[in-house]
Amino acid sequence: NSFCTLLAPMPLMLMIAGPPGSGKGTLCEKIVEAQGLVHISGGDLLRAEIKQGTKLGMEAKGFMSRGELVPDSLVINMILNRLRQPDVQKKGALLDGFPRTGAQATALKASGIRFDAMIVLEVPDEALMERSAGRRLDPQTGAIYHLKFKPPPADIVSRLVIRPDDRPEKQRARIAIYKEQVGSILGVYESIVIRVNADQRIPAVFSEFQAKMRSRQGGSKL
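In case it helps, mature numbering (1 follows the signal peptide of the UniProt record, and there is no 0) puts the sequence shown at residues -25 to -1, 1 to 197.
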C-alpha cells in the first residue's frame, strides 16, 4: 500500500488541512512514514528559520518582536524556498499548516508548484469539542492524555491540567476561525481536494485517504 515511485516519475506533492482536534498531526506522521515524503510544517519552518538566523528568519523575528503578524509575503517565500530544496524535489512533500488564508493559497498556486491533492479532514463540531474537552496535559512530562480515548495512569490524574487551547470557549473560537479560513483556501484548490472522514480511528482515516488517493490517481501512485 505504498506509493510506487517507479510508476510515478514526478514525486508526490500533498497538502493537508483539518480543524483543531481532527488528528491531523497523527495522520501526517502515518502518511510521511508510509510514503517517504518530506513533512513541511508551516509553524515549524518559521521557528527553524528564526533559530538558524536566516535572512527571512530575522525579518520574521523583527515583526514578531513588535507583536505584529508576519506578512504573507515573508511566510510564502519561506515555504517556496523549502519546497524547492533537493530533498523535496526527489521525495515529494506533505505541506502541513499552510496555506492558512485564501491570499496565501492564491500566491502558492501562482508560484507554479504542482500539488497532486489537498487532503481535507472532516469532523463534526460536537466530536471536536468532545476530543478537546477530555484532553489533559501532564505538566511534569509534557505527555498528552484523553480521559476517554487515552486514559492516564490513575496515580497521575490529580496533577493533570487542561491546556488553555482546550477550554470550550477557546476551542469553539479556533473551530470558527478554521472554517472561515478553509473556505477561501478550498476555493483556490477545489479541483484537487480529497475530503476524508476523520471522525473515526486513525487507521481507518489513513485507509480512507489511501483509497481516495488511489482512485484519484488511477492507481498510478499507490
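Do not take every clue at face value.
Claimed, not checked - List time: in silico SDA-like cross-link candidates among lysine to any residue, alpha-carbon distance up to 25 Å:
(1) K125 - D140
(2) K187 - V163
(3) K84 - P46
(4) K66 - D140
No lab work stands behind these hints, which were simulated from the structure alone.
Status of each hint after checking the structure:
With a C-alpha separation of about 18 Å, the suggested pairing of K125 with D140 holds against the 25 Å cut-off. Taken as a hint, the K187 and V163 pair is honoured in the structure, with Cα atoms around 20 Å apart against an allowance of 25 Å. Straight-line distance between C-alpha atoms of K84 and P46 comes to about 18 Å, which keeps the hinted pair within the 25 Å bound. Restraint check for K66 and D140: the C-alpha separation of about 34 Å exceeds 25 Å, so the hint is violated.
Checked against the numbered hints above, the structure violates only hint 4.
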